[in-house]
Amino acid sequence: MRSRGSSNWLVLLSQVVVWICGAAAAFADTSPTLSPTNIFAPASTPAKSIFELSLFVLAVTGAIFLVVFTLLLYSVVKFRKRENDDGREPPQVYGSNQVELAWTIIPILIVVALFMATARVIAIVQKTTPSGNAIAVTAIGHQFWWEYRYPDLGVVTANELHVPVSNPVHPTPTFIKLLSADTDHSFWVPRLGGKTDLIPNHPNTMWIDPQETGVYLGQCAQYCGTQHAKMLLRVYVHSKDEFDRWIRQQRQPAFVNDAVSQGQRIFETTACINCHTVSGTVANGRFGPDLTHLMSRDTIAAGAAPNTPENLRLWIRNPNTIKPGSLMPAMELNEQELDALTAYLETLR
Amino acid sequence: MSTDALALPRTELASRPIVARLHDWVTTVDHKRLGILYIIYALVFLLIAGIEATVIRIQLIRPHNDFVSPPVFNRMFTMHGTTMIFFVVMPVLFGFANYLIPLMIGARDMAFPRLNAFSFWMTTFGGLLLYFSLVGANGLYGAGNAPDVGWFAYAPLTSRTFSVGHSTDFWTLALLVSGFGSIGTAINIVATVLCMRCPGMTLAKMPLFAWLNLVMAGLVILAVSPLTAAQIMLLIDRYLGGHFFDTQAGGSAVIWMHFFWIFGHPEVYVLVLPAFAFVSEIIPVFSRKPIFGYSVMVGATVAIGFISMSVWAHHMFTVGMGANVNTFFVLSTMAIAVPTGIKIFNWLATMWGGKIEFKTPMLFCIAFLFQFLAAGLTGVMLSVAPFTWHLGNSYFVVAHFHYVIVGGILFALFGAFYYWFPKMSGKMYSETLGRLHFWLFFIGFHLTFDFMHIPGLLGMPRRIYTYEPGRGWDTWNFIVTIGVFFQAAGILVFLGNLLWSYFRGKAAGSDPWDAWTLEWSTNSPPPAYNFASIPVIKSRRPLWDLKHPADPDWKYE
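If you're matching them up, the sequences are chains A and B in order. Position 264 of the first sequence, counting from 1, maps to 264 under this note's numbering, and the rest follow consecutively. Position 201 of the second sequence, counting from 1, maps to 201 under this note's numbering, and the rest follow consecutively.
Certain hints may be false.
Unchecked claim - Stretch by stretch, here's where chain B covers chain A in the computed footprint (C-beta under 8 Å, at least three residues):
(1) 35 to 44
(2) 51 to 58
(3) 124 to 137
(4) 245 to 259
(5) 267 to 280
(6) 284 to 290
(7) 326 to 336
Claimed, not checked - Result set (EDC-like, lysine to aspartate or glutamate): computed pairs, CA atoms no more than 16 Å apart in a straight line:
(8) Lys547/B to Glu89/A
(9) Lys355/B to Asp86/A
(10) Lys355/B to Glu83/A
(11) Lys205/B to Glu557/B
To be verified - Counterexamples of contact, computed for chain B against chain A with all Cβ distances above 10 Å:
(12) Leu115
(13) Leu440
(14) Ala528
Since the hints were made in silico from the structure, they are not lab data. These figures come from a predicted structure and were not determined experimentally. All residues carry an ideal CB built from backbone N, CA and C; glycine is no exception.
In isolation and in its complexed conformation, chain B is listed as follows (with noise of 0.2 Å):
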């Protein structure tokens, strides 16, 4: 499996005119090129959200600032959030999934490679259609305008008395359509990783990446019917006269945030889930250990895959539930945490008596750390309802969920990008570039979320256009402003990074990391049928075994 088995294919691809080569990305069904494009899709959105938070903040830098209108400035925080979970963090966690989980487990591809391709589609349709808000949700002839009910679009805001014009419209669509993609991927996941193994791989010994993937599918499936019926709901009372959500005429708006969080909350894992699966595979390799306690791991995943069903109603704390339904999701919210503390102390663990290479995939993963335990933290807080009946709804929440999204889950996804940038590019990046993001992005990070708590507990609310002088918030938000700025350079130097290494970086290597899952058994870029022959495995770790011949893993596992 030298490099030169690639060279004479790849000659071929380059002579061929460009229209062909773009039809052939159309038209692919294999799991690798979908991977990559649900990436490159999400890392577009993530230029696009990105610049809508900059507006945000912006705004904000000071009390009465007029840098944006009040209607811009709620169109921005809705698609700003809209995007970022719909249309960033859920396709490049399944653009990671695609690539990655067929090459783990000894496949050739995905298990219906065109349910794939569609799923991809119905996504990148989603999300077009959502911005097609901004021309088309007045009516196509006139201006149009973007969702201002923001990300969780609570009733009765949403119904056609306070949102005339189409632009809930195009959210709700949106919705819907991109959620029978995330619907298709999951179903795809789940037979994939349960039907697709290579010979020797029982699910006790699949890389952790699977394992964990296989319960976001599953939490997908369950979390985004609900979500999808709620949209339907919401369109039936739009426009075919129903009354689910409509509050004068015997409607609930209650309802609805069951609905919606029904589906958020799990959301959270589903967004968290494969985050958790780059630190199980990056860890252990720049540790040169093992993970720790793999089987308390798979059960600690399956176990908030459980609870995670059961906790939604922490985020309607304040709209009067009852002392008894709120002591019940005081507990189930809490019990969520010792599964996850379990992880982190497995992480921990696993670091524990290695010998870690600071290489920048490993320098994500560590700030990861720091910065979920953080999070949990502020979760766990926030699981305390009284406590919430103040922090809920105001910048202190802001600043815990982004903790856990940017702080966790992006940190941990640009791991994820430089480590297995050299395996889908072929190409090695560059350290000192990924260095200098991990640093810009750190300082901006931590500007920006660690002040960002602040003027919650000083009583600021979220989704405010303005604030008035003389509350104590001036100072702190024009910090987080600040930051700001770091992560937008962090962000660019990143794609410049992926840019240039692709065309001037070094060649990789099939095994650049010394690492022990089966993608790195396969050239760099993989061949489109992935391995030459099926490769059969005793172990978690079959590269391990094959470079420790007189000392594998399968006599102790």
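If we strip away everything but chain A, and leave its shape as in the complex, we get (with noise of 0.2 Å):
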């Protein structure tokens, strides 16, 4: 009988060992030297406050977990059978009104107090409207692949969004309208804020201030179909300058270059016109990513590979080598045609 009681010892102990194992892991570096998506380390406004949040439900959470957890464990010990046990059955007790009047009041008082600190959040979140020096962008999921078109800005880009960084004393937040070309998507930055859905016929909204320049990545959070997974989200935060920059270099028309005409011709007499669009040329279609500025991105296939000329013969050739299932179609192109449509692609800045 010693050698049970001690077995189950082990099992309680060796929980409480894991659980504290892994809170430790997620909750001991809220730098994003952990995760480039760690939600406890936030750099915006919504995310903060949801981080704030967080850890206060954690705490009250953890809190019940521990008492509850030594009540069950002591009781578990010390009331198991013991070795010299006289075979006679334990008083038999049948409840106790009183103490189901504490233990459903406590966790009811409880229940109050995280539904207010969380209503409180929701307001903050979902109750802000755009000020003066909000920057306005849609969002829309494709399968598989972001388009961002900035409607006050005349821009549109496709996979890479750009947006300002924003301070406490001026602050320029973007706010993004969401919508779904197709499937349901959702859009996660987790350093930037909380997830919302891109959902076909019900327009979505969400906001973001960014507080610090950097590179954001995230990816689809909602089972849009075969290459959900590789529906990467990349958001650079610019300081204003920088970011003027980039809108004004984004508003040009594409670079026109004689020695690539040849390729030019290949992508304006294929199906790639169908599909892609480069201002200032008859390409203009609107399924696939906008070209007009390619090579200002640093990746291609929604972040599924880095925007390099080899990756991007490769992708032209084949798209199911990077991204098997994604709705571009392979070109059937001779080596000569590759080589001439990825020189032009390669003058897209």
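Using the supplied hints, reconstruct the complex from the two chains, each of which is provided in its own coordinate frame.
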């Protein structure tokens, strides 16, 4: 019997250790070094409000866990059947109204406290409306990439969202209208804010006000089909000047270079233009990403691969090698055409 | 009531040809046989869905793994979820309810034996239909595939535009058909509990098992109906030109979510209430005390039943419902923690002051208590809508609901298997193998599902077939996958134990646990008519009264 008692100690101890290790690992380091998508390393007001609330919730639930866990552990150990048991039944207790009342009222009070804290943060995040300096962006989810339109600035781009940094004194938040061209998607850049879904025929909004410049990562968080996994999000937060420079550059029409006219002709005489736009040319398709300033982007295929000439060529030859299930068809071009087309795309800066 | 009474008919049975015996099983309307059929059916699907889970985890063991292709991975998680919910956990719980409720309330059978058989075979047909998609989903002539829209199948991914072929149809029809089976069984349970109790057994003297299953059955009727309606609407959209969920023609993707989750959340309680039922029977017997606060337990159960109908949209905190709606569902979701907490406290109080025996069923129930406590608390975290704007659809949610379903429901189920196996088979299981199963599964469970919370906190969404290196997710995913192999080993030991004990186990006798409810007063296994004469009871623990005539329960209740 003694060994049985100690083996149960082991069960419970191992559980405690596992929980503490897990909690410590997740919470010890709230900097992004643990992960670029750590929800405990907020860099924007919505993410910070959630972070503060989550600490409160974790403290409350953690305390409840410790108390009840200890009671359970105590009763399992203390009331185990002993070696020298007399074989008689223990006193038969049927209940107690006082005790029941106590463990009904205390949880109700805890729930009220948690509820009020939660309602406050919901109001902070969901009831904020755009101020004068706000940047408006429309994000449109596609299988399996992101389209970004800046309606007030006349810019259209894809997969890499650029926004200005904000500060508490002169806030320049970004309000994002979320639409979908096909199935459900979800916009989730953990360090900037919680996720909001992009649902067809159901426009949503969210906002961010990143306080530090840099690149913030995330990815689609609502299953949207075969390539849900490689629908990655990249948000570039720039200083005010840099952001203005980026906008000016994006508003230029496509760069024309006679040296790559062969590639341009291939682009404009194949199915490429059905889906892609290169502003200032005949290419004005909208099913795929706008390529006018393709080379200003760090990645292709919604973040699935770095934007290098080799990857670009591989992608045009057969998108399935990088992203199986992508909706772009393999273009069936010969080697020479591939070289020419890649050379043309590389001029789209 | 000696075991000799059964010896004669059993020899007779054994001498009959196997075809005749199989025919008996197929045409049976006996609640005990149907119960066992449900349980065996669920165990077969448990193996299949377990293999699917293993494939998912092997694929995710390291970033950019290519063990399976993206479409295969998507089919695996869809089939794993659908199978586990509809064709493992629900049938196995119906199986136990079927087997035990008439025995516990002193009845000879369920209220509608033929409806019972019909319901079982509908459920069976549903499961077979789902898996027939593997060969028939592109039409009978072509290669098949399996559904790949996720177990909650959000519109418009299920429309014919995005889901060509017939895999979604197999999914829809499988759930539609098995849904009819579920509703039939639920009606049967309600009618049995309300109308078939033995003399003396008022509602207030029923075993908690019957109460919990009564509320469960009520929830099934309320919850499965909207799901059935939604499946019919989806079929109309796909084949009759309807636009319920067709967003291109003014339909609403959000309406599907509401339909699905008004089923989906009560469904969680459909699954967990029977687990509570097992625990509420096992803990008292192995603590040698009556359940603490019986009437409060009943009240909490009914409260859970009601509140669970008003919490569904907490699955939709990220779909843009507006601040006021979100706030309402935060409150209702948090409210359900109160009656659930009361239950945990009452189980704790039942053990308090008892003499706890650590037999295998009790080991599983104690682990259930700790794990369900943790699962409930992560549930409270998820009820905080802003927190769920992060955690929703992340691996944290996956870890949370597996903590509920595996750490809670499955652990309680294993406890129930070991506790009632002697009654159902007449044989005692092997305690050594039972403990081995417990430890393997316990270690595997914690390796997998404790560590699965962490990548969710670090931004890993669910349903991705692969992930980028450098996100801080690699190590956690590796540990999570290792745990799966421990769990698989545990399951194999469990099945081995059942088989070995069935053929080689020692005779169990009618009452191996010195228990108090009516099923232990008849033979193991019980005869077709259950009781030689219908029992008459005076308290909640009729066998306690019988064993302690000087100190019966009915004096105190």
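Outcome of the hint check:
Counting residues of the stretch 35 to 44 of chain A whose beta-carbon sits less than 8 Å from any beta-carbon of chain B gives 6, enough to reach three: the coverage restraint holds. Counting residues of the stretch 51 to 58 of chain A whose CB lies closer than 8 Å to any CB of chain B gives 4, so the stated coverage by that chain holds, three being the minimum. Coverage of the stretch 124 to 137 of chain A by chain B holds [criterion: at least 3 residues with CB-CB distance below 8 Å; count 3]. Here the stretch 245 to 259 of chain A counts 0 residues with a CB under 8 Å from a CB of chain B, which misses the bar of 3, and the coverage is violated.
Taking a C-beta to C-beta cut-off of 8 Å, the stretch 267 to 280 of chain A contributes 0 residues in contact with chain B, too few for the three needed, and the coverage statement is violated. Evaluation of the coverage hint for the stretch 284 to 290 of chain A: breached, as 0 residues show C-beta separations to chain B shorter than 8 Å, against a requirement of three. Interface restraint, the stretch 326 to 336 of chain A with chain B: violated (0 residues with C-beta to C-beta distance below 8 Å; minimum three). For the hint linking Lys547/B to Glu89/A, the alpha-carbon distance of about 11 Å falls within 16 Å, and the restraint holds.
A hinted pair counts as satisfied when its Cα atoms are at most 16 Å apart, and Lys355/B with Asp86/A qualifies at roughly 11 Å. For a cut-off of 16 Å, the pair hint linking Lys355/B to Glu83/A stands: about 11 Å separates their Cα positions. This hinted pair checks out: Lys205/B and Glu557/B have alpha carbons roughly 9 Å apart, not beyond 16 Å. Interface exclusion of Leu115/B from chain A stands, the closest Cβ pair being 37 Å apart, more than 10 Å.
Distance check for Leu440/B against chain A: the nearest CB is about 13 Å away, which clears 10 Å, and the non-interface claim stands. Ala528/B, annotated as away from the interface, keeps every beta carbon of chain A farther than 10 Å; the closest lies near 34 Å.
Checked against the numbered hints above, the structure breaks hints 4, 5, 6 and 7 and satisfies the rest.
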